[in-house]
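Assemble the complex: chain A is given as a structure, and chain B must be docked to it using the hints.
Those sequence lines, one after another, are chains A and B.
Each number in this note's numbering corresponds to the 1-based position in the first sequence with 13 added.
Each number in this note's numbering corresponds to the 1-based position in the second sequence with 13 added.
Hint data in this document are derived by calculation from the structure and do not stem from the laboratory.
Incorrect hints may have been included.
Put simply, identical chains are the same to the list, so a pair is met inside one copy or across any two.
[What the hints assert, rightly or not] Restricting the straight-line Cα-Cα distance to at most 25 Å, the calculated cross-link-like pairs of lysine to any residue (SDA-like) are:
no., residue 1, residue 2
1, Lys16, Leu125
2, Lys59, Gly15
3, Lys16, Ile54
4, Lys71, Gly86
5, Lys113, Pro92
There are 2 protein chains.
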Amino acid sequence: MGKKINFNEKFSMFSEYWAPRVIAEMNDYQFKLVKISGEFIWHDHKKTDEVFIVIEGKMGIEFRDRKVELSAGEMFVVPRGVEHKPYAAEECKVLLVEPKGIKNTGDSEGNLTAENDVWI
Amino acid sequence: MGKKINFNEKFSMFSEYWAPRVIAEMNDYQFKLVKISGEFIWHDHKKTDEVFIVIEGKMGIEFRDRKVELSAGEMFVVPRGVEHKPYAAEECKVLLVEPKGIKNTGDSEGNLTAENDVWI
Chain A
14 MGKKINFNEK
24 FSMFSEYWAP
34 RVIAEMNDYQ
44 FKLVKISGEF
54 IWHDHKKTDE
64 VFIVIEGKMG
74 IEFRDRKVEL
84 SAGEMFVVPR
94 GVEHKPYAAE
104 ECKVLLVEPK
114 GIKNTGDSEG
124 NLTAENDVWI
Chain B
14 MGKKINFNEK
24 FSMFSEYWAP
34 RVIAEMNDYQ
44 FKLVKISGEF
54 IWHDHKKTDE
64 VFIVIEGKMG
74 IEFRDRKVEL
84 SAGEMFVVPR
94 GVEHKPYAAE
104 ECKVLLVEPK
114 GIKNTGDSEG
124 NLTAENDVWI
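Extracted from the complex, chain A is given alone in its bound form:
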């Protein structure tokens, strides 16, 4: 059985933006922490929904037809197949929940594609 996980302690262990770190697995799902700043790229995940939970700071998710703004203590479920572009004016700390094996850039691989399954 695992240990308890403290988000702040885990966030202090890395500084790169847009590079999710896995902190826990539940069945075949992973919980990942990510620090974001600036604009990500447009992408979607064809086979899965994706959950964003803001732990600290503010972020937004741009969709083709609207924007959603999120603050600490707020979450959003991006449905499978829906194009989205996360962004943050200043550093924002986020908890992601999604199935194991999902790339951060979905079907839009590029220089922001992070190594997958990196644990801290």
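For chain B alone, coordinates are given in the frame of chain A:
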């Protein structure tokens, strides 16, 4: 596509203890908020892990061989089939993540078994 979800706003909509409220679905998983106070019952979930994320306050999870104490900003994954008993000396606000259809008391049905799939 859904709306953003604010944990504090959702917590203000109910007051019963040990009665999880569903706030979101991701694929076949649900995110549930629960307020806890006092001691729950011993139970396990034979077929799934279960995630506890503390949003506000402090709680503990007793296992047959140890206890884990959790504060706001901490999470724990209870593995499938492991008996556990959550408790909180004072009110604690928790986010649960688990597959749709999981009963709060697992295989130990009783007077603390809450109605399932109640959305707020």
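**OP:** Hints the structure violates: just list their numbers, smallest first.
**Re:** Going through the list in order, the structure violates hint 1 alone and respects the others.
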